[in-house]
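Protein chains in written order, with the numbering used here: chain R, 26 to 264; chain Z, 41 to 445.
Incorrect hints may appear among the rest.
Subject to a maximum C-alpha distance of 27 Å in a straight line, what follows is the list of computed DSS-like cross-link-like pairs (lysine-lysine) [stated by the list, open to error]:
no., chain 1, residue 1, chain 2, residue 2
1, Z, K230, Z, K202
2, Z, K403, Z, K230
3, Z, K435, Z, K52
4, Z, K48, Z, K435
5, Z, K48, Z, K58
6, Z, K52, R, K167
7, Z, K435, R, K113
8, Z, K48, R, K113
9, R, K167, Z, K202
10, Z, K403, Z, K306
11, Z, K306, Z, K230
12, Z, K48, R, K167
For the record, the hints were derived by calculation from the structure and aren't laboratory data.
What follows is the residue order along each chain.
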Amino acid sequence: MTQPIIRLEDISKIYGSGNTEVRALLDVNLVVEPGEYCAIMGPSGSGKSTAMNVIGCLDRPTSGRYYLDGVDVAGLSDTELAHVRNRKIGFVFQQFHLLPQLTAMENVMLPMVYAGISYNERRQRAEEALTRVGLANRLSNKPTQLSGGQQQRVAIARAIVNRPVMLLADEPTGALDSQTTQEVMAIFAELNTSGITVVMVTHEPDVARLTRRIVWFRDGQVVHSHLAPSELSQTAVFS
Amino acid sequence: MDMLESVKMAVKTLTANKMRSTLTMLGIIIGNASVITMVGVGQGAQRYASEQFESLGPNVLFIIPGSDDARSNSFDLPRNLTLEDAEAIANQVPSVEAVAAQLQTQQNVTYRNRTANTLVLGTTPEFTTVRSFDVERGRFFTDSDVQRNTRVAALGSELAEKLFGTANPIGEQIRIRNVSFQVIAVMQEKGAFLGNNQDDTVIIPLTTMSNRVTGNTSPYGTEVTVISATARDEASVNAAQFQISNLLRLRHKVTTQDDFVVRTQKDALTIVGNVTGALTLMLAAIAGISLFVGGIGIMNIMLVSVRERTQEIGLRKAIGASRQDILVQFIIEATILAAIGGVVGTAIGIGGVTLIGATTPLKAGVSTTAVILAVGVSGTIGLFFGVFPARQAAKLDPIVALRSA
Ligand SMILES: Nc1ncnc2c1ncn2[C@@H]1O[C@H](COP(=O)(O)OP(=O)(O)OP(=O)(O)O)[C@@H](O)[C@H]1O
Ligand SMILES: [Mg+2]
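Using the sequences plus the hints, can you model the full thing?
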């Protein structure tokens with residue numbers, strides 16, 4: 026039996042206390058197996074981003090246990106968490122978060138700098154990653170010289186360049202038009218096919234449909250989890 | 041992450057914000073330049089003043105009028121030394137070789153239609169020995185000139201040129217305060233002594249000065265401004281100081297506080313050393329403060345920079361930068377700013393000191409200690425004032441940092 030890549034056990038995240046207390050997550054249980062491609066959906070404020078941040082080791086839960094690839098994250102130091110973020114997780118944000126003073130190439134090389142990889146290997150791998158997302162001809166462009174879709178593709182290249190086990194994306198297409206959304210989703214699909222676990226938050230049913238499982242959040246809890254419609258039809262055919 | 045990468049990254053960030061980096065460095069540049077210049081000037085002044093006194097020779101003594109109180113409380117010294125005091129010293133103090141009393145005043149000196157306002161110095165023939173100041177042409181006046189109130193004058197080289205140009209002044213008549221004098225000598229070039237140009241001066245017999253120019257002679261003695269003396273040799277300087285003091289105490293009937301002081305060259309050097317040393321220290325302290333302020337400037341800008349780059353820091357953390365990576369990054373940025381500022385400031389300081397040394401009599405020189413100190417201090421300042429902002433940056437929570445838009 027393979028080990029789940031993400032296992033959340035009774036995860037809660039509570040902001041503030043007393044009257045101002047906000048329960049962003051309440052006893053969330055979630056398991057994601059290696060190679061899954063899953064979408065998190067739910068109303069605004071339902072805790073999707075909070076959950077993603079916990080899964081991405083950007084934030085620590087108030088209570089509960091989180092096993093990442095079998096490791097209890099609560100026992101890791103800040104430095105060890107930084108290492109986990111660097112090696113095991115690729116994060117893609119709605120707002121891209123590229124460093125404006127760096128070229129596409131340099132932005133993609135950045136995670137490898139923190140991984141202590143040599144300059145030559147960094148160049149080579151960054152070029153590969155950018156080629157993979159279709160930007161082989163934009164290596165030395167600064168973010169301001171790229172379209173939104175291209176910037177998001179640079180961000181994806183940066184997320185995968187350290188060969189993470191999972192790719193987390195919080196509304197990656199939220200700032201893109203439908204045309205570029207399709208292009209970006211094609212990249213996610215391709216990455217998932219090549220074996221990377223992908224978890225993304227989205228508000229768009231059209232985007233969610235392109236994944237293989239949909240997890241529904243409401244009021245800080247997982248209320249429902251089912252196969253995506255396209256998967257449903259496929260399984261329906263096979264069963 | 042290795043150091044070279046950190047430095048490259050810092051350079052990239054700093055060059056991306058050239059304006060801000062330059063302004064940050066400015067404080068350190070100014071601080072460093074001023075430390076080096078000020079210390080250079082201070083030590084230059086010290087060296088200059090010391091050399092002036094050293095040039096007098098180790099045997100020289102000065103007898104200055106006025107009690108300690110009077111000297112420290114007023115600019116106008118009481119004139120209670122007389123020509124007779126000088127004569128007594130010459131005749132009665134065995135360890136003294138030569139004594140020259142001096143009376144001086146500023147007067148207009150005229151030759152035909154040319155006039156110069158210059159220092160008129162009345163003295164005795166021993167002046168040339170005591171101050172090692174010889175004639176270039178002609179002869180200096182003698183004791184008999186002094187006794188007979190002769191109206192003869194020796195011109196400083198510069199004054200001679202001012203009044204006579206290339207013509208030979210010897211034998212010509214000049215007028216000092218409408219009294220005519222015959223020029224009998226032109227002095228050698230001597231240079232300045234503590235800012236007084238000794239070549240722009242006219243030297244006449246003390247008695248003539250007293251009777252004809254200042255009109256200070258009274259039955260009670262001919263007052264003088266200062267008495268210079270030389271001891272027989274270096275070993276007898278202290279004896280001379282002691283004997284002169286005692287003699288004058290008797291002559292002035294001193295019962296409580298001396299109304300004069302006898303200073304040796306060594307005393308003078310010590311005083312000069314103390315004064316200029318304090319001056320150097322003060323200049324260095326002022327410059328040091330500006331260096332410190334420069335450091336605070338770095339801290340200030342770094343703090344602003346941390347705030348401005350909160351998102352960047354969050355992103356770096358999200359993709360794997362550890363606290364230490366961020367800490368090191370910001371400290372390196374601050375240190376690079378301080379170090380470059382330090383080097384540029386040092387270069388400017390060295391330039392400034394060289395310029396001052398070349399254009400003023402101050403023997404300003406670059407002090408290696410000052411350079412090492414300034415560069416070391418500015419580097420340390422970068423490190424020190426960089427640490428606080430860097431810690432602020434390092435402890436940012438990645439998620440909070442990312443969210444701050
Ligand atoms: N730092 C915080 N301090 C206090 N409350 C917070 C904080 N971050 C999130 N919350 C609250 O936690 C709840 C869940 O927020 P979260 O951002 O996870 O929602 P979301 O599902 O991602 O919403 P959206 O779809 O609008 O992005 C919200 O009520 C939000 O106000
Ligand atoms: Mg959200």
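Against the structure, the hints come out as follows:
At most 27 Å may separate the alpha-carbon atoms for a hinted pair to count; K230(Z) and K202(Z) meet this at roughly 16 Å. For a cut-off of 27 Å, the pair hint linking K403(Z) to K230(Z) stands: about 17 Å separates their Cα positions. Under the criterion of a C-alpha separation no larger than 27 Å, the hint pairing K435(Z) with K52(Z) is consistent with the structure, at around 23 Å. Taken as a hint, the K48(Z) and K435(Z) pair is honoured in the structure, with Cα atoms around 23 Å apart against an allowance of 27 Å.
Distance hint between K48(Z) and K58(Z) is fulfilled; the C-alpha atoms sit about 15 Å from each other, no more than 27 Å. Between K52(Z) and K167(R) the alpha-carbon distance is near 14 Å, which keeps this suggested pair within the 27 Å criterion. Restraint check for K435(Z) and K113(R): satisfied, since their Cα atoms lie roughly 22 Å apart, inside the 27 Å limit. For the suggested pair K48(Z) and K113(R), the alpha carbons sit about 26 Å apart, so the restraint of at most 27 Å is met.
Of the pairs offered as hints, the one joining K167(R) and K202(Z) is violated, with about 73 Å between alpha carbons and a cut-off of 27 Å exceeded. Only pairs whose Cα atoms come within 27 Å are accepted, and K403(Z) paired with K306(Z) is accepted, the gap being roughly 20 Å. Of the supplied pair hints, the one linking K306(Z) and K230(Z) holds, its CA atoms being roughly 22 Å apart against a limit of 27 Å. This hinted pair checks out: K48(Z) and K167(R) have alpha carbons roughly 18 Å apart, not beyond 27 Å.
Hint 9 from the earlier list is the only one contradicted by this structure; the remaining hints agree with it.
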